[in-house]
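**Student:** Given next are the chains, with one letter for each unit.
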Amino acid sequence: MLLQKRLEKKVNRMKNKTIKVDYLARVEGEGSLLVKIKNDKVSEVEFKIFEPPRFFEAFLRGRHFTEVPDITARICGICPVAYQMSSIHALENILQVKVDPQIRELRRLLYCGEWIESHVLHIYMLHAPDFLGYEDAIQLAGVSPEVVKKGLQLKKAGNDIVNLLGGREIHPINVRVGGFYKIPSRQEFSKLAEKLKHAQDIAIETVKLTSTFQFPKFEQDYEFVALKHPKEYPFNEGRLVSNKGLNINVNEYENYFHEEHVRHSNALQSAKNNDGIYFVGPLARYNLNFDKLPDSIKELAKEVNMLPPCNNPFKSITVRAIETLYACQEALRIIEQFEMPEKPFAEIQPREGTGYGCTEAPRGILYHKYRMDANGIIQEAKIVPPTSQNQKQIENDLFSFVSKNINLPTDELTWKCEQTVRNYDPCISCATHFLKLNFVRE
Amino acid sequence: MCEPKTNCLVIGIGNEFQSDDSIGILMSRMLRKKLPATIKVAECNGGGVELLEIWEDYNNVFIIDAASSGKAPGTILRFDLNKETLPQNAFNYSSHSFSISETVELARKLNRLPTRLIIYGIEGKIFEQGTGLSYSFESVCDALLKNLLTDIQ
Numbered sequence: 006m007l008l009q010k011r012l013e014k015k016v017n018r019m020k021n022k023t024i025k026v027d028y029l030a031r032v033e034g035e036g037s038l039l040v041k042i043k044n045d046k047v048s049e050v051e052f053k054i055f056e057p058p059r060f061f062e063a064f065l066r067g068r069h070f071t072e073v074p075d076i077t078a079r080i081c082g083i084c085p086v087a088y089q090m091s092s093i094h095a096l097e098n099i100l101q102v103k104v105d106p107q108i109r110e111l112r113r114l115l116y117c118g119e120w121i122e123s124h125v126l127h128i129y130m131l132h133a134p135d136f137l138g139y140e141d142a143i144q145l146a147g148v149s150p151e152v153v154k155k156g157l158q159l160k161k162a163g164n165d166i167v168n169l170l171g172g173r174e175i176h177p178i179n180v181r182v183g184g185f186y187k188i189p190s191r192q193e194f195s196k197l198a199e200k201l202k203h204a205q206d207i208a209i210e211t212v213k214l215t216s217t218f219q220f221p222k223f224e225q226d227y228e229f230v231a232l233k234h235p236k237e238y239p240f241n242e243g244r245l246v247s248n249k250g251l252n253i254n255v256n257e258y259e260n261y262f263h264e265e266h267v268r269h270s271n272a273l274q275s276a277k278n279n280d281g282i283y284f285v286g287p288l289a290r291y292n293l294n295f296d297k298l299p300d301s302i303k304e305l306a307k308e309v310n311m312l313p314p315c316n317n318p319f320k321s322i323t324v325r326a327i328e329t330l331y332a333c334q335e336a337l338r339i340i341e342q343f344e345m346p347e348k349p350f351a352e353i354q355p356r357e358g359t360g361y362g363c364t365e366a367p368r369g370i371l372y373h374k375y376r377m378d379a380n381g382i383i384q385e386a387k388i389v390p391p392t393s394q395n396q397k398q399i400e401n402d403l404f405s406f407v408s409k410n411i412n413l414p415t416d417e418l419t420w421k422c423e424q425t426v427r428n429y430d431p432c433i434s435c436a437t438h439f440l441k442l443n444f445v446r447e
Numbered sequence: 003m004c005e006p007k008t009n010c011l012v013i014g015i016g017n018e019f020q021s022d023d024s025i026g027i028l029m030s031r032m033l034r035k036k037l038p039a040t041i042k043v044a045e046c047n048g049g050g051v052e053l054l055e056i057w058e059d060y061n062n063v064f065i066i067d068a069a070s071s072g073k074a075p076g077t078i079l080r081f082d083l084n085k086e087t088l089p090q091n092a093f094n095y096s097s098h099s100f101s102i103s104e105t106v107e108l109a110r111k112l113n114r115l116p117t118r119l120i121i122y123g124i125e126g127k128i129f130e131q132g133t134g135l136s137y138s139f140e141s142v143c144d145a146l147l148k149n150l151l152t153d154i155q
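As they're listed, the protein sequences go chains Y and W. With the working numbering, the residue at position 412 of the first sequence is 417, and numbering never jumps. With the working numbering, the residue at position 26 of the second sequence is 28, and numbering never jumps.
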């Protein structure tokens with residue numbers, strides 16, 4: 006009898022395990038994760054963001070519209086360009102500004118810089134160690150220093166773009182509503198192009214390298230949401246579309262999406278009205294905009310077996326590499342075709358109204374809305390970062406992944422859960438920084 | 003004193019809006035006025051892998067950053083990174099993924115440490131949002147300048 010009780014206890018322990026990891030590294034910012042398993046089934050998943058809210062939307066009220074790009078750039082050290090661009094487009098939407106086509110091109114160039122910086126940091130420093138079985142990039146650097154050195158070289162090309170056009174590498178200061186404060190000289194652009202040619206070669210190697218990684222077999226029926234532009238791979242402009250029929254103007258965003266507060270997160274979670282969970286970021290952009298990539302990149306994608314649709318979020322590392330290659334090529338194209346505009350910015354008069362902007366941050370769509378009075382003072386601001394929009398999807402992926410891999414040894418499962426979160430390159434600092442993982446098998 | 007050919011760089015790291023975390027930035031602004039023009043002074047908001055690029059062209063690099071190791075606020079810690087590693091927990095106050103300790107170790111693996119790298123950690127107590135320090139800036143200022151000038155010579 007005693008033996009039977011012991012056996013029962015043992016079986017129950019196997020079905021209801023408690024696994025706890027206190028610190029999940031290699032993500033941007035601070036938060037935590039809880040996975041509960043009861044009777045061999047996942048009972049609860051919570052992606053917790055306990056970083057205190059930073060009230061940027063409130064700071065913006067009462068500020069003159071000209072101050073907005075410099076304030077929003079401070080939201081994130083990794084994707085400040087995205088915050089500047091979404092705010093500028095929303096404000097120009099109110100101000101009815103028509104910018105010089107060359108200014109528009111330079112905005113795309115600045116975005117190329119940010120995508121390269123952000124994607125390469127994530128690929129080499131944060132995500133690749135997962136696939137190669139290393140604790141972190143330091144261990145990887147010990148074994149394959151040349152790989153990490155190349156990553157750093159590639160990232161530097163992005164830094165150089167943002168430095169030149171943004172005025173400095175982090176929190177750029179050269180961007181204003183209507184254009185730029187100063188446009189670099191043709192000579193400065195030529196020097197940049199030389200560096201980008203070399204970066205382009207490393208980006209091709211990165212695509213090939215990441216495509217050889219072993220990806221967990223995991224696919225879901227996602228609703229991917231991204232911008233779509235008739236002629237270009239999206240950075241700044243387009244309609245919001247999905248693979249499940251969504252096709253709306255940016256100013257309709259709040260008719261289709263809402264934010265909600267959940268008890269376990271200081272960041273509001275976004276959901277699509279009625280349908281709920283959706284997926285933003287590189288994988289969404291790639292699946293919805295593959296046709297806009299240059300032929301050479303499409304061929305490379307075919308060569309490395311990465312033709313869309315791709316429904317495996319673990320493969321987002323290769324998609325980031327492909328987007329990095331695109332950013333290098335697009336930057337080179339812009340520099341080659343660039344013609345100096347007459348003025349670096351358009352003159353603007355304040356105007357009362359409400360404006361909407363949505364651009365493609367490295368992690369996905371970033372929505373801004375502003376209401377301004379006739380003196381150009383901001384009355385209301387709303388900012389919906391990509392990580393807020395992906396929170397539910399991350400929880401959903403974890404639920405499905407753990408359910409399908411419930412028998413994996415605890416250490417391995419824990420690592421894979423962390424990797425599942427890193428697939429989304431979450432920028433928790435933006436969403437409200439610290440990610441702790443609590444894994445509980447009851 | 004550092005010769006131009008063995009160029010010197012002082013980097014102040016921190017976030018000026020996070021109380022005691024601002025010390026590196028405040029120090030670099032003060033040092034820019036007090037140090038000879040041959041010594042370049044830089045500010046860095048977040049640390050991380052950017053540091054490898056910032057110090058790339060310099061042989062003698064001195065970093066000033068806030069530290070949190072449980073000592074009294076304002077205590078100056080000194081680490082010679084060519085001889086030792088940084089204690090993991092003292093410099094982990096980074097909102098992003100790469101702390102200074104990790105960046106230094108990454109640089110060591112990639113053979114990209116400056117010939118001489120010294121880090122001064124200034125013990126902090128409050129790292130919440132806000133401006134101002136929880137200890138007297140003046141009390142730390144003179145002592146750090148003295149330490150730095152001794153190391154530079």
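It cannot be assumed that every hint is accurate.
[Claimed, not checked] Under the rule of at most 20 Å between Cα atoms (straight-line distance), these lysine to aspartate or glutamate pairs were calculated in the EDC-like manner: (1) Y:155 to W:55; (2) Y:200 to W:18; (3) Y:155 to W:59; (4) Y:200 to W:59; (5) Y:196 to W:140; (6) Y:200 to W:86.
Calculated directly from the structure, the hints in this document are not laboratory data.
**Student:** Confirm or reject each hint.
**Tutor:** Hint-by-hint comparison with the structure:
no.	hint	in the structure
1	Y:155 to W:55	holds, 13 Å
2	Y:200 to W:18	violated, 33 Å
3	Y:155 to W:59	holds, 18 Å
4	Y:200 to W:59	holds, 18 Å
5	Y:196 to W:140	violated, 44 Å
6	Y:200 to W:86	violated, 35 Å
Violated hints for the displayed structure, listed by number in ascending order: 2, 5, 6.
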